[in-house]
Amino acid sequence: MPAVGEPLVQTRDLSKIFRVGDSRVVALNRVNLTIPRGSFTAVVGTSGSGKSTLLNMLGGLEKPTAGEVFVAGQPLHRFSESQLVTYRREQVGFIFQSFNLLPQLTALDNVALPLSFRGIPKRTRQARARAVLAQLGLAGHLHHKPTQLSGGQQQRVGIARALAVQPTLVFADEPTGNLDSRTSEETLTLFRAVIRRFQQTWIMVTHDRHLASFADTIVSIGDGRITDITQTEHAQTAPAVATQKVAP
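Residue numbers (UniProt numbering): 1 to 248.
Watch out, some of these pointers could steer you wrong.
To be verified - With beta-carbon atoms standing in for the labels, derived distance ranges:
#1 Gly-73 <-> Gln-199: 15 to 23 Å
#2 Ser-82 <-> Asp-180: 19 to 27 Å
#3 Arg-24 <-> Phe-79: 22 to 30 Å
#4 Gly-151 <-> Ser-47: 18 to 26 Å
#5 Thr-183 <-> Arg-24: 38 to 46 Å
#6 Leu-105 <-> Asn-178: 33 to 41 Å
#7 Gln-231 <-> Lys-145: 25 to 33 Å
#8 Arg-24 <-> Gly-177: 28 to 36 Å
#9 Ser-82 <-> Ala-134: 17 to 25 Å
#10 Asp-13 <-> Gln-135: 38 to 46 Å
#11 Ala-193 <-> Leu-105: 21 to 29 Å
#12 Gly-177 <-> Arg-123: 33 to 41 Å
#13 Ser-80 <-> Gly-119: 17 to 25 Å
#14 Gly-21 <-> Gly-73: 25 to 33 Å
Hints in this document: simulated from the structure, not taken from any laboratory. Fair warning: this is a prediction, and the values are worked out from it, not measured in the lab. Think of the CB as a built atom: it goes at the ideal place given N, C-alpha and C, for glycine as much as any other residue.
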């Protein structure tokens with residue numbers, strides 16, 4: 001099993017260009033980034049900076065225009081669409097701002113649902129979902145539907161759903177955007193505990209530098225380029241993130 005601290009994510013001159021009519025919009029411009037296993041990285045930038053595009057590249061949701069992207073040694077930039085679908089289903093967990101829970105399902109069934117797409121038997125997937133929910137303090141809410149849960153509890157269900165598939169990499173896209181400041185901080189503290197407990201690698205996209213400070217490393221991005229990298233106080237006990245800045 002690969003050790004914590006070994007490179008998990010690597011990009012090389014990663015670029016993404018969108019065409020809008022006759023115009024070219026450079027969303028990512030030759031980004032070089034290395035993220036080790038077991039780390040918690042926050043990617044920070046304003047709207048349109050390229051942070052969400054970077055997350056989409058690493059999550060296999062979009063293919064780059066140029067450059068390379070590797071996750072656990074896999075060349076995502078060479079993957080076919082069917083290979084990317086398999087990658088997203090089997091190796092990636094997503095946590096969303098809007099929670100994306102199905103309102104008609106209980107917490108238990110929301111967490112177990114992605115496991116059904118892998119062909120895991122019902123008894124096994126429910127047992128796994130129940131165990132993860134219990135570890136996140138929701139053992140007493142297994143049969144509650146989203147409308148019966150607080151915002152913080154709904155986000156915990158979203159976290160449990162991401163973890164139940166036992167992913168290689170977890171992505172969180174503005175995960176506290178629908179939470180108040182206190183619950184946001186409690187959620188980020190929970191993130192840190194979950195990452196250490198499950199030895200996960202998480203990448204969070206946010207515009208909020210205060211919330212980003214809960215990560216081990218803050219990668220700032222602007223105009224599609226990495227502009228700065230900051231190790232937080234948490235980095236003393238966590239693997240470091242390495243970047244190679246591109247000259248102007």
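Hint numbers not upheld by this structure, sorted from lowest to highest: 2, 6, 7, 9, 14
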